[in-house]
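Spelled out, the chains give:
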Amino acid sequence: METSKKSNSTVRNNREGLKGWLNPARYGWERVSYWFQRLTGLFLLIYFIGHVYETSSLTGGQAAWNALLALTQTVQGHIFLILVIGASTFHSVNGIRLIFTHGGMGLGRPGRPDYPYDALSLNYRQKSGIWISLILAALAMLYGADVLFGTK
Amino acid sequence: MIRESLIMRIHYITGISALFVVAVHIIMRLLMPFDSSIEYQNIIANYHNIAYSILLESILVLIAIHGFNGLRIMLLELRQNRLWENGVTIFTISAMMTVVAYGTRTIIVAQGLGA
Chain A
1 METSKKSNST VRNNREGLKG WLNPARYGWE RVSYWFQRLT GLFLLIYFIG HVYETSSLTG
61 GQAAWNALLA LTQTVQGHIF LILVIGASTF HSVNGIRLIF THGGMGLGRP GRPDYPYDAL
121 SLNYRQKSGI WISLILAALA MLYGADVLFG TK
Chain B
153 MIRESLIMRI HYITGISALF VVAVHIIMRL LMPFDSSIEY QNIIANYHNI AYSILLESIL
213 VLIAIHGFNG LRIMLLELRQ NRLWENGVTI FTISAMMTVV AYGTRTIIVA QGLGA
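Protein sequence lines correspond, in order, to chains A and B. With our numbering applied, the first sequence corresponds to residues 1 to 152, in that order. With our numbering applied, the second sequence corresponds to residues 153 to 267, in that order.
Note that these hints are calculated values from the structure, not bench results. What you are looking at is a predicted structure, and each value in this text was computed from that prediction instead of being measured. The beta carbon of each residue, even a glycine, is placed where N, CA and C say it ideally should be. Check the hints yourself; a few may be wrong.
[To be verified] Quick look at which bits of chain B chain A covers, simulated, 3 or more residues with Cβ under 8 Å:
no. : segment
1   : 164 to 175
2   : 190 to 202
3   : 216 to 224
4   : 249 to 263
[Unchecked claim] Heads up, simulated SDA-like pairs for lysine to any residue below, C-alpha to C-alpha not over 20 Å straight-line:
no. : chain 1 : residue 1 : chain 2 : residue 2
5   : A       : Lys19     : B       : Trp236
6   : A       : Lys19     : B       : Ile196
7   : A       : Lys127    : A       : Lys19
8   : A       : Lys19     : B       : Leu227
With the sequences and hints as input, model every part of the structure.
Here you go:
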């Protein structure tokens, strides 16, 4: 009975909900990556639904398609697309890192926990993976900006 | 009930597969100047190409499965009880099927349109 009560209160204490999800202060860069993966995922899902809706205007004929294009072929529309390019690049590259990590790759060898008890799994391989994702996302956004605003 | 490990494997497979098909979709937009590639006649010509239509349908299905399962995972992280978990699963599957049905309708109708 006592044990059951104690475990229930532990469960309650751990129930931070959205606050726990949004707190970027804990766990360093890995937390930021966790956060970005979810935010970019949500953003891309919203874009995907919007894109499916947007392309459906095609069924209304050329006038309907051109009317919708006029809304999206603006500076704001292009900036939004550049954000989509950055979000999808980060989400893809970081997602591949997570698939490898889930398979146990890049976690390093287990070792004795010594002070200050830094997790060995959160090593330079993981950190470089996150940085590579961010750098590639920035490069993809630059390329996207060149295509949308440039001459390509 | 499907095991979560299997759902996670499906999540990864759909993610990796979507990466390839979306890459082809983007390359198709970059084969010519971007503005010309999104002109009505060009888009309709794309839909008349059966191989490209199959590619679009696969993008639709893969991203819908990956995206809505991702949303399900996030919502399950926020709260855990049987009612919430069943509600979230039913909501995400229904939303996924609605988006796939709506997108498929566009692909089918656009194939019948004249350029």
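**Asked** Out of the numbered hints, which ones does the structure contradict?
**Response** Violated hints: 6 and 7; rest satisfied.
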